[in-house]
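**Q** Here the structure of chain A is known, so what remains is to put chains B and C with the ligand in place on it, guided by the hints.
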Amino acid sequence: MSVPAELKYTESHEWVKVEADGSVMVGITQHAQELLGDMVFVQLPDVGRTLAQREDCAVVESVKAASDIYAPLGGEVIAINTEVEASPEKINEDCYAAWLFRLKPANAGEISGLLDASGYQKLLDSEAH
Amino acid sequence: MPFIPHTEEDVAEMLASIGAKSIDELFDEIPAELKTGKLTQVPVGLSEMEISRLMHGRAQKDGFYLSFIGAGAYEHHIPAAVWQITTRGEFYSSYTPYQAEASQGTLQLLYEYQTMMASLNGMDVSNASLYDGASALAEAALMAVRQHRTSRRILIPQTVHPIYRSVTRTIVRNQNIEVVEIPFDPATGQVAIDKLDQFAQEEFAALVIPQPNFFGVLEQVDALTDWAHGKQSLAIAVVNPTSLAMLKPPGEWGQRGADIAVGEGQPLGIPLSSGGPYFGFMACKQELVRQMPGRIIGRTTDLEGKEGFALTLQAREQHIRRSKATSNICTNQGLMVTAATIYMSLIGPEGLYRVAAQSHANTLALVEQLEKLPGVKKVFGSPFFHEAALQLSVPADKVLNSLKAQGVLGGVLLENYYPDLKNTLLVCATETKTAEDIGKYVEMLRLALAASA
Amino acid sequence: MLIFEHSRKNRRNYSQAPSTRPAKNNIPDNLKRKTAPLLPEVSEMDTVRHYTRLSQKNFSIDTEFYPLGSCTMKYNPRACNSLAMLPQFLSRHPLAPEDTGQGFLACMYELQEILKDVTGMSAVSLTSMAGAQGELIGITMIRAYHEARGDTERTEIIIPDAAHGTNPATAVMCGYKVIEIPTDRDGDVDMEALKAAVGPRTAGLMLTNPSTLGVFEKKVAEMSRIVHEAGGLLYYDGANLNAVLGKVKPGDMGFDVIHMNLHKTFSTPHGGGGPGAAPVGVADCLLPYLPIPIVAYEQGVYRWLTEKDRPQSIGRLSAHMGNAGVLLRAYIYVRLLGAEGMFRISEYATLNANYLMAELRKLGFEIAYPNRRASHEFIVTMKEIKDKTGVTAMNLAKRLLDKGFHAPTTYFPLLVPECLLIEPAETESKETLDRFVVAMKEILDEIATQPDMVKSAPHDMPLRKIDDVKAARELDLVWNPAG
Ligand SMILES: Cc1ncc(COP(=O)(O)O)c(C=O)c1O
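Protein chains in written order, with my numbering: chain A, 7 to 135; chain B, 17 to 469; chain C, 2 to 484.
Just chain A, same shape as in the assembly (with noise of 0.2 Å):
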């Protein structure tokens, strides 16, 4: 399962992209698109909308299950990808490229806890036994 060296995870099935500016980008996995199957429907948070750290913040929709998206830092939120909110299937197509929001943090050093790409290997080997 493709699980890309440069990106940071978490154990409810983010990825998390850090840029340059220090701003962070959000995902689902390629695990979690698979478990969901078709997307259907994306609900993103608002622009300009504080989150805590784990904080539920979007939705996923498939044909036979809801997700909740969980805020993997606490910041504000900076830019939504409405392509993915008017086509949900982009997340089946590529979901490292489709991002779901942007976040600026509110202390970097939250970044640190993620895990990384070894890290989210080893967890979901351990989901699949």
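Any given hint could be a false lead.
Stated by the list, open to error - Only pairs whose alpha carbons sit at most 20 Å apart, straight line, appear in this in silico DMTMM-like list of lysine to aspartate or glutamate:
hint : chain 1 : residue 1 : chain 2 : residue 2
1    : B       : 77        : C       : 99
2    : B       : 77        : C       : 100
3    : C       : 10        : B       : 366
4    : C       : 431       : C       : 443
5    : B       : 456       : B       : 384
6    : C       : 196       : C       : 223
7    : B       : 54        : C       : 341
8    : C       : 431       : B       : 40
9    : B       : 388       : B       : 452
10   : A       : 110       : A       : 12
11   : C       : 220       : B       : 49
12   : C       : 248       : B       : 41
13   : C       : 431       : B       : 26
14   : B       : 211       : B       : 242
15   : B       : 322       : C       : 6
16   : B       : 393       : B       : 436
17   : C       : 456       : A       : 44
18   : C       : 404       : C       : 432
19   : C       : 442       : C       : 360
20   : C       : 309       : C       : 299
21   : C       : 33        : B       : 268
22   : C       : 248       : B       : 44
Claimed, not checked - If you anchor each label on the Cβ, the simulated ranges turn out as follows:
hint : chain 1 : residue 1 : chain 2 : residue 2 : range
23   : C       : 475       : B       : 25        : 51 to 57 Å
24   : C       : 178       : B       : 213       : 33 to 39 Å
25   : B       : 303       : C       : 64        : 39 to 45 Å
No wet-lab data here; the hints were simulated from the structure.
All figures in this text were calculated on a predicted structure; none of them were measured in a lab.
We treat Cβ as the ideally placed atom computed from N, Cα and C, and that holds for glycine.
**A** Chains B and C with the ligand only, in chain A's frame:
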């Protein structure tokens, strides 16, 4: 054994396959101390002939009356085909259409129902039913609070059906939602629009607008809708579906239309049956569809592109979303919707208009004749649909009793719900009442008034 | 073809509605409807044909074996329908005086008494219109109970992960936080988790027994003790009462409040989605809060108890008195069965389930809880088959349709992967169960030899697999004449 087909040989073979000695052994995981002794209140079984005799006897005891009662449940003619088709086993004995390919009949019917209901209400979408009109209003209130996000107050005029208000209170109180009751103008029987602002000093999620209201009176729906919208709140319509053939639909009220419309579906081909089963309907604007409770059916295709239907937006529902569902509703009132859809098809737009118009005209005629009797006074000056409040100069309960003795049910006593409205009857004459029926009521009431004077 | 596509402008049924438009009309212009609603303009025969044809596209108990787990799809006796539809019953207005409904009320009163007896509860209210509403009533009463005692710290309802979705949805609708507890390997509630979950914030526990995993919670008495000692109350989801009717009473298991789905256990029809009826029973501690109306029998007369009689009642849940016609059907059913029949329901439902489980196990299907007796239902898990062949529980379900059987419940309960929850109900004969076993064997063979065919089922239905992804992505919820 009633409804159990097993022969002794069957049982023996089945137990052998299981490897159990007796049926009793299959219950061996139930702790002995929990096992029940006896049933003392369940009588011995009856044959079909015996139960038939018992039920016919009880039905006869209840008999038939010439009824002028409305108050939320209305006697309308139900075409014979409605229940003959509705009770076909394929509709009657199927489950919720989870397996789309094996439920296309129910699913297509529900899609047609949604289309009819949305159009009748002038709304974009409809769900596939809720329990009844009262619980539908409660669900609309919850939906409005979810949509509004900041306020947990709902304004409900006292002209809304008193039991709908009470059911709504019971259901929303659990979530600390406040129901604020708005008084009516005793002269018009309508919400007093000029007094509304005092209730808007605090934010509110929605204003409920009944049309017609519980008194049969027509409310100033345009002004009420615009007032609610002006306060950044939703407008929830509570409507009678028959009346919508004549009256402006909620989607066209005011500048922007009401946001949610709910009501009791019973007038559309459902028998009175002592109160149920009926069905609640709910229609709304497209923007609110994801907040809707209940089943929703969508049109789609099969793998080969042929038209087909399926449950959709299921992620709103309890079986998928569990604690975050828009409602806990699962089983709804499907069969009643089957009847209503067939009723609306048979009767068509012109037929429904005539049912509404004739009910309106009959009640006008009834009220006009009754008003001429000394000691009868119309309570409210506003136009009404097919119900009206009439005040008597003598004790109204006695009058109702003497009418009943003659086989006439003369209406409901409003005092039961509105203590200030003493000796007041709420009467209704639908299209089922002939000129003779109306004449009979007038004559009976004249005699009863004379006797108590 | 939709009914609207049969429509022709100005076609009408002249016998069904008033023959003229009346002259008198006092509706003010600004309140009048300007354009007619989109209702079809079709003949009576068109309507009858169209909906008869639609009905033929349904599977139903009357036409197919329908082993939908948790739904108790048993035969709906015809007498229940025809006698509940006697014209006097149908024409009675809900607000007609009580003395014009003594026959009807007698049935309701006797039904209350019978339901009290079979559940072992102190009192029953008939008002609830479905299981989920029964749950709402029950949890609302639990709230009322704690509030009346000034115990306002209780904010949590404990619910096992195997529970039906209505349980957590109800708890939240009633303003509670849901504490989910896991199931152990044998399908029982994890007792350690329960002990850890209870405390001063526990308002109650919602439990289904036998559970939706098709097994009896053996430690129910201990669970009851744990929850009660913590000050909480116990709710019984009676959706599975069919499995234990006459054998165990929820009241004896220690439950304080229950609902029973009459549209399951008492054989009222499911009508393609409803209506149901789910009377609620309570132990003494919740008696004052029971919703109204309730039927009383005093000095030879039946009457409704109202707010005046029950000032502490949580109130009303329906405009009148719930689904009266459904209650009548249930009453007729119980009278046909009698006390002996009550016991037989659970005995033969359990026999059928255990037989079917044994036969499917012999075919090689994996039983989710192999060391347990089945209650009235059991679970087959397709996990291993899916891992090996890619064929899912849903694929198998669709293939069953091809073979003329309604599918079992799929993907519920959520905790068993690729599950099929199978409930045969007592009214099915051994031959029907055997035919089902043959069909399952055929599918098993097909999975081995032509898995892709199974994956693309159904093949022999009027439609192939319905695209529910498209249904959700391209919402089409009402027909639009403009296309
Ligand atoms: C275990 C269980 N609980 C609750 C319910 C909800 O009952 P209803 O559909 O009547 O609301 C069901 C039925 O679907 C069920 O199977």
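**Q** Given the hinted pair residue 431/C and residue 40/B, is their alpha-carbon gap at most 20 Å?
**A** Answer holds: residue 431/C to residue 40/B is near 18 Å, not above 20 Å.
**Q** Keeping to a limit of 20 Å between CA atoms, is the pair of residue 456/B and residue 384/B held or broken?
**A** Given that 20 Å is the threshold and the Cα spacing comes to 14 Å, the pair holds.
**Q** For a C-alpha distance cap of 20 Å, please report whether residue 54/B and residue 341/C respect it.
**A** Measuring from Cα to Cα gives roughly 10 Å; hence the hint holds.
**Q** Are residue 77/B and residue 99/C close enough, with their CA atoms no more than 20 Å apart?
**A** At roughly 12 Å apart (the allowed maximum being 20 Å), residue 99/C and residue 77/B satisfy the hint.
**Q** Just to be careful, I want the Cα atoms of residue 196/C and residue 223/C compared with a cutoff of 20 Å; is the pair within it?
**A** Given that 20 Å is the threshold and the Cα spacing comes to 10 Å, the pair holds.
**Q** Could you grab the alpha-carbon distance between residue 404/C and residue 432/C and see if it respects the 20 Å cut-off?
**A** Holds, at roughly 15 Å.
**Q** Do the alpha carbons of residue 220/C and residue 49/B lie within 20 Å of each other, as the hint requires?
**A** Given pair residue 220/C, residue 49/B holds - Cα atoms ~12 Å apart, limit 20 Å.
**Q** Can you confirm whether the C-alpha distance between residue 110/A and residue 12/A stays at or below 20 Å?
**A** 19 Å, holds
**Q** Below or equal to 20 Å on CA atoms is what counts here, so check residue 248/C against residue 41/B.
**A** 12 Å, holds
**Q** Decide if the proposed pair is consistent with the structure: residue 322/B and residue 6/C, CA atoms, cutoff 20 Å inclusive.
**A** 16 Å, holds
**Q** Take a quick look at whether residue 77/B and residue 100/C sit within 20 Å of each other, Cα to Cα.
**A** With Cα atoms ~10 Å apart, residue 77/B and residue 100/C stay inside 20 Å; holds.
**Q** For the pair we were handed, residue 431/C and residue 443/C, check the Cα-Cα distance against 20 Å.
**A** 18 Å, holds
Of the numbered hints listed earlier, not one is contradicted by the structure.
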